[in-house]
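Participant: Based on the provided sequences and hints, a complete structural model is requested.
One-letter residues, chain by chain:
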Amino acid sequence: MKYVDEYRDPAKVRGLLGEIDEQVTRPWVLMEICGGQTHAFLHHGLDEMLPGGIELVHGPGCPVCVTPLEQIDKALAIATRPDVIFTSYGDMLRVPGSTMDLFNIRANGGDVRVVYSPLEAIRIAETSPEKQVVFFAIGFETTAPPNAMAVLQAKQRGIKNLSVLVSHVCVPPAMEAILSSKTNRVQAFLAAGHVCAVMGYHEYPAITEKYKVPIVVTGFEPVDLLVGVLAAVRQLEAGKAEVQNAYERAVTFEGNQTAQNVMNTVFQPVDRKWRGIGMIPQSGLGLRPEFEAFDAEKRFSVGELVTQESPLCIAGEILQGIKKPPQCAAYGNQCTPQSPLGAPMVSAEGTCAAYYRYHRELVPNG
Amino acid sequence: MDNELDFEGYTCPVPIQPKDTVVLGHGSGGRLSHDLINRLFLPELGKAAPRVLDDSALINVNGQRFAITTDSHVVSPLFFPGGDIGRLAVCGTVNDLAMVGAKPIALTCGFVIEEGLSFEILQRVVQSMRDAAAEAGIFIAAGDTKVVQRGGADKLFINTSGIGSVDVGVDISGENARVGDVVLVSGTLGDHGIAVLSAREGLGFTTDLQSDVAPLNHLVKAMIEAGEVHVLRDPTRGGLATTLNEIAKQSNVTIELLETKIPVKPQVHAACEMLGFDPLQVANEGKLVAFVRPDDAEKILDAMHWTKYGEDAKVIGKVIDAKKAQVRMRTAIGGTRLIDMLQGEMLPRIC
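Going down the list, the sequences are from chains A and B.
Per our numbering, residue 1 is the first one in the first sequence, and the count goes up by one each step.
Per our numbering, residue 1 is the first one in the second sequence, and the count goes up by one each step.
The set of hints was computed from the structure by calculation and includes no laboratory data.
In this text, a Cβ means the ideal position worked out from N, Cα and C, and glycines have one as well.
Hints may contain errors.
Stated by the list, open to error - Okay, the calculated beta carbon distance ranges per label pair:
# : chain 1 : residue 1 : chain 2 : residue 2 : range
1 : A       : K212      : B       : D312      : 49 to 57 Å
2 : A       : E22       : B       : K299      : 44 to 52 Å
3 : B       : E273      : A       : D271      : 30 to 38 Å
4 : B       : L24       : A       : V270      : 31 to 39 Å
5 : B       : R39       : A       : L305      : 30 to 38 Å
6 : A       : M279      : B       : E273      : 29 to 37 Å
7 : B       : G116      : A       : E126      : 22 to 30 Å
To be verified - Restricting the straight-line Cα-Cα distance to at most 16 Å, the calculated cross-link-like pairs of lysine to aspartate or glutamate (EDC-like) are:
#  : chain 1 : residue 1 : chain 2 : residue 2
8  : B       : K261      : A       : D9
9  : A       : K182      : A       : E317
10 : B       : K261      : A       : D5
Facilitator: Spelled out as structure tokens, the structure:
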């Protein structure tokens, strides 16, 4: 397939692995931010082909994994209402709230629908005027612009029966949170290529400046990933800490201005809890006051709902890259994608799910 | 960031398992379906059932072996590119019989019809069943009709049951895979699942892809005549990944696949990349996977290539070990990974 095969070329992969090997003189710890990158490393078996000195720790870039429990409980409370059609991206259906998930709501008669685009939620709202249609707006800067566009269109077209439950999060504050943690081990970042396609990488020089870690904008195919690793290792070995773009075919410095404008028109930065990490100041996006009428939390009075996470898995340490899934006692036995204990095992992009799917035999108790 | 965050103590909660209620994932053909069968159906109903869970059961009547099986069809939409619920209902059961090496003889069919369905639609479905039965060389021997009120079913459900005879010497089962066996597939994977998906509304993509729904009994006959076939299975719901994991478990063997050899059409590949699906977990309705004696692999493959539904047959891997029930993949770039069965419903990913 064009635009895929050339980035999965075995000869290029071998060449890049050789180059990385030549560069490495000591161990380095790299974090790939995005869950999609984690999956690509494991899906292609690339993590095991890297030189022994390179350790990958897997970042918090899985939108499903970091959506906080109380936002999910709010979603469940809204989706249970008989007057509501609750729409969501597919992954979210399996993520548990305190007592239920959206699958259970659906099995018990709730109208829960998977949509591929928030604009589909608008269409449903228009064709079901007697119902309240709610869209679960989650994800990073990648999904924020289309979700913002849906709100904008609903306002322009005077659609009154659509609202959004917003739980957006932003990558740079999470990178800073990881770097400022006393348990941090990360020496360089492979920045998330898709997020950068929207946002560009103008936010990163301030981070490299402050924390002295290289940040390399990286794609998702084997060749892309290795080009990113090679650039990061070169910088580390040379004692540099710069921002580099290793995903030029998709990413520019400024990013997609149109997408950013739509996003900034509808959303503003807010404090946000991350599942497994905790509150990170100004790390999320919420609706601006002029779009308050579309806020599902206000429309259905669930804003005050607060839930405590229960201490049963080490998701927090996994999501920060402090530990790997096999270091969790529950991994592979009590905790599987079929019976997950924590969010990283739930989502298709979660780190634990990636390990379970592709590397189960590495686990002593798997 | 000036205030250092305290990460300790943040964890995530225990998700809810669908213990009390049936959810759609229980019908996906993946792990949830297996759980339901093992937890509920087999303990209550399976006492007299054969030990082996294959696509059809074998029963012995006065020394002659027969295969019987049943399958219900609830596809939406009723008509999709390359097929419809009628063709699916006939081929599904014919193929389940063929996968134990049986020669299909006859089917029964039960219709559950939602009030309000037009005669025109029903007629088209039934004509399609007639054509599929003729192609497979079987007849429809008996039937039943039930009509439910509006909302009691989604337009039309069809159940078919089938019977076939098994020749002396034929021994094909999911537990017959042996170390050294060559693994073959009869053609490209994922065509049916993606074709049906593309016909559903709201997906926002179109394709010229056709479902592969087809009767495979003539292909199976050619294969059995050409050489020693140990295992046959049609990778329907849950796809090849689920089927191979079932076989690995039944035979307690390690199966190794070569990613570069697995036939997937570019349209299926592209749709899967876009939606976040694995082509190995997408449903097929006119494909089979076979485990054959290594010395016969060439002859069997050759015989497959001469049949209508085996033209694109390929060797995709082999059984490498008999210690661990596992399916592994040598990736195109030279790495390895595990292949797992489908868990519940196929869910498109977020980004």
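Participant: Of all the hints given earlier, name the ones this structure violates by number, lowest first.
Facilitator: The structure conflicts with no hint, since it agrees with every one listed earlier.
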